[in-house]
Amino acid sequence: MQKLLKELIMRNDKKEIIKVIFNLKGRTKYTEKYLNMIKKNYSNDNFFDILIINEIGNKLVKKISNKNFNIFNVTSKKKN
Amino acid sequence: MSLQKKKINGMNDIFREIIQKYFFLNKYKYCCFVEDDNFIFPQSLAKSKKFLEENNDYIACSGRGFIFSYMEKKYSYLNFYTLPNTVDDINANIRFQKYNKALCYYSLFRKKYFFKILKKITKITDDNMSEVFFNFLAVKFGKIKELNCIYLARKYPRPKIYNIPDKNDWIKNNSLLKDINTVIRNIDNNYLINLSNNSVFKYLSLRFFNNKKITIFSKLVFYFKKYLFYLSNRYAINNFINNWNHL
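Protein sequence lines, in the order shown, are assigned to chains A and B.
This note's numbering numbers the first residue of the first sequence as 1 and each following residue consecutively.
This note's numbering numbers the first residue of the second sequence as 1001 and each following residue consecutively.
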């Protein structure tokens, strides 16, 4: 509940773009590389948020700490 | 393996999951989908958003794309990657004729159209048809813009799940005919005259009967286009690949 509340607060800003990334089973390291690329080289382009949908049973993507964009990390509903 | 127990098994499952997460997306005006081996350039997203803000009659916008791959211990440029071309005619039938059949879902979409398309897609089960369906619905619903900037970097080789199925496997799928019927009813009802030339049947025939002859001339044209693209965009491509190699 607290986590959801925190995410709702984070969402209360004026970004208009959301990028949806799907994190398939066994692909977490690639998704994390993607996020690191944005953090290291494009951190000033803070006009979008990211929704990561992790396939159920998959290792959750480590959220990178960045003030410039919000990352929502959720799990897919598909059963194993 | 029953349907309820299967894992994410292709693009259609992914599209369904995005619809289920609408709660997270509802405050945004624009959205795009990207697979984990594709990189959308943030600055190009900004340019696309600006374009859509200034042009209300367009529903989606993207730019140019390229493919990179791991070769000789580092990532390098491999080829250009075709993204949807500008289709800006007010008449949907003409948009179908001019559309280059490239994948649309990487483009930055007005969210309401993105979801309108996804909701229709959940009616079909064949993964390959879901990509076709997405593309044609996008063209049906409105104008699409291709900006003159690097928008997408795509890593090869790709995970098997994203690959187009073998055509022999594809045609064995029991749902294929039902899905083709759904797609045609949703897209082509008003364009029956040009159906075979411009739309779903054309796409299918290209996939199933791709007997294009490769000549020395066509190979030369291919290499010329590949390097011309690189030369025109070398700063953005080299900068990206250099950063990717150092991660």
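The hints are simulated quantities; they were obtained by calculation from the structure and are not laboratory data.
From a predicted model like this one, the values you see are computed outputs, not experimental measurements.
Don't take each hint at face value.
Heads up, simulated DMTMM-like pairs for lysine to aspartate or glutamate below, C-alpha to C-alpha not over 20 angstroms straight-line [what the hints assert, rightly or not]:
#1 B:1120 <-> B:1131
#2 B:1050 <-> B:1088
#3 A:39 <-> B:1013
#4 B:1074 <-> A:45
#5 B:1101 <-> B:1088
#6 B:1101 <-> B:1166
#7 A:59 <-> B:1053
#8 B:1140 <-> B:1072
#9 B:1098 <-> B:1057
#10 B:1116 <-> B:1166
#11 A:25 <-> B:1054
#12 A:59 <-> B:1037
#13 B:1112 <-> B:1054
#14 B:1029 <-> A:16
#15 B:1143 <-> B:1169
#16 A:33 <-> B:1037
#17 B:1111 <-> B:1054
#18 B:1178 <-> B:1037
#19 A:40 <-> B:1054
#20 A:29 <-> B:1131
#21 A:14 <-> B:1166
#22 B:1050 <-> A:32
#23 A:14 <-> B:1053
#24 B:1029 <-> B:1054
#25 B:1027 <-> A:16
#26 B:1111 <-> B:1057
#27 B:1049 <-> A:32
#28 A:25 <-> B:1057
#29 B:1111 <-> A:16
#30 B:1143 <-> B:1037
#31 B:1047 <-> A:32
#32 B:1029 <-> A:32
#33 B:1116 <-> A:16
#34 B:1073 <-> B:1131
Against the structure, the hints come out as follows:
1. With a C-alpha separation of about 12 angstroms, the suggested pairing of residue 1120 of chain B with residue 1131 of chain B holds against the 20 angstroms cut-off.
2. Of the pairs offered as hints, the one joining residue 1050 of chain B and residue 1088 of chain B holds, with about 17 angstroms between alpha carbons and a cut-off of 20 angstroms not exceeded.
3. Pair hint residue 39 of chain A plus residue 1013 of chain B does not hold up; C-alpha atoms about 29 angstroms apart against a cutoff of 20 angstroms.
4. Distance restraint check for residue 1074 of chain B and residue 45 of chain A: the Cα-Cα separation of roughly 27 angstroms exceeds the 20 angstroms cut-off, and the hinted pair is therefore not satisfied.
5. Restraint check for residue 1101 of chain B and residue 1088 of chain B: the C-alpha separation of about 15 angstroms stays at or below 20 angstroms, so the hint holds.
6. Between residue 1101 of chain B and residue 1166 of chain B the alpha-carbon distance is near 19 angstroms, which keeps this suggested pair within the 20 angstroms criterion.
7. For the hint pairing residue 59 of chain A with residue 1053 of chain B, the CA-to-CA distance comes to about 37 angstroms; that exceeds 20 angstroms, so the pair is violated.
8. Among the hinted pairs, residue 1140 of chain B with residue 1072 of chain B is inconsistent with the structure: their alpha-carbon atoms are about 44 angstroms apart, more than 20 angstroms.
9. Note on residue 1098 of chain B and residue 1057 of chain B: the hinted pairing holds, with a Cα-Cα distance of about 17 angstroms set against a maximum of 20 angstroms.
10. Our distance criterion of 20 angstroms between C-alpha atoms is broken by residue 1116 of chain B and residue 1166 of chain B, whose separation comes to about 29 angstroms.
11. Note on residue 25 of chain A and residue 1054 of chain B: the hinted pairing is violated, with a Cα-Cα distance of about 39 angstroms set against a maximum of 20 angstroms.
12. Between residue 59 of chain A and residue 1037 of chain B the CA atoms are separated by roughly 17 angstroms; this keeps the pair inside 20 angstroms, and the hint holds.
13. For the hint pairing residue 1112 of chain B with residue 1054 of chain B, the CA-to-CA distance comes to about 17 angstroms; that is within 20 angstroms, so the pair holds.
14. A hinted pair counts as satisfied when its Cα atoms are at most 20 angstroms apart, and residue 1029 of chain B with residue 16 of chain A qualifies at roughly 5 angstroms.
15. For the suggested pair residue 1143 of chain B and residue 1169 of chain B, the alpha carbons sit about 34 angstroms apart, so the restraint of at most 20 angstroms is broken.
16. Straight-line distance between C-alpha atoms of residue 33 of chain A and residue 1037 of chain B comes to about 10 angstroms, which keeps the hinted pair within the 20 angstroms bound.
17. The hinted pair formed by residue 1111 of chain B and residue 1054 of chain B meets the criterion: a straight-line CA distance of about 16 angstroms does not exceed 20 angstroms.
18. Simply put, residue 1178 of chain B and residue 1037 of chain B have alpha-carbon atoms about 31 angstroms apart, too far for the 20 angstroms limit, and the pair is violated.
19. Between the alpha carbons of residue 40 of chain A and residue 1054 of chain B the distance comes to roughly 30 angstroms, so the proposed pair goes past 20 angstroms and is violated.
20. A C-alpha spacing of about 26 angstroms is found between residue 29 of chain A and residue 1131 of chain B, which places the hinted pair above 20 angstroms, so the restraint is violated.
21. The hinted pair formed by residue 14 of chain A and residue 1166 of chain B fails the criterion: a straight-line CA distance of about 44 angstroms is larger than 20 angstroms.
22. As the CA atoms of residue 1050 of chain B and residue 32 of chain A are separated by approximately 28 angstroms, the hinted pair breaks the 20 angstroms bound.
23. Proposed proximity of residue 14 of chain A and residue 1053 of chain B is supported: the alpha carbons are some 15 angstroms apart, at most 20 angstroms.
24. Between residue 1029 of chain B and residue 1054 of chain B, the direct Cα distance comes to roughly 14 angstroms. Compliance with the 20 angstroms bound is thereby established for this hinted pair.
25. Proximity of residue 1027 of chain B to residue 16 of chain A is assessed by CA-CA distance (about 8 angstroms); at most 20 angstroms being required, the pair is judged to hold.
26. A distance of roughly 14 angstroms separates the Cα atoms of residue 1111 of chain B and residue 1057 of chain B; the hinted pair therefore holds under the 20 angstroms criterion.
27. Restraint check for residue 1049 of chain B and residue 32 of chain A: not satisfied, since their Cα atoms lie roughly 25 angstroms apart, outside the 20 angstroms limit.
28. Straight-line distance between C-alpha atoms of residue 25 of chain A and residue 1057 of chain B comes to about 39 angstroms, which puts the hinted pair past the 20 angstroms bound.
29. With a CA separation close to 10 angstroms, the supplied pair residue 1111 of chain B and residue 16 of chain A stays within the 20 angstroms bound.
30. A distance of roughly 27 angstroms separates the Cα atoms of residue 1143 of chain B and residue 1037 of chain B; the hinted pair therefore is violated under the 20 angstroms criterion.
31. For the suggested pair residue 1047 of chain B and residue 32 of chain A, the alpha carbons sit about 25 angstroms apart, so the restraint of at most 20 angstroms is broken.
32. Straight-line distance between C-alpha atoms of residue 1029 of chain B and residue 32 of chain A comes to about 26 angstroms, which puts the hinted pair past the 20 angstroms bound.
33. Proposed proximity of residue 1116 of chain B and residue 16 of chain A is supported: the alpha carbons are some 18 angstroms apart, at most 20 angstroms.
34. With a C-alpha separation of about 33 angstroms, the suggested pairing of residue 1073 of chain B with residue 1131 of chain B is violated against the 20 angstroms cut-off.
The structure shown violates the earlier hints numbered 3, 4, 7, 8, 10, 11, 15, 18, 19, 20, 21, 22, 27, 28, 30, 31, 32, 34.
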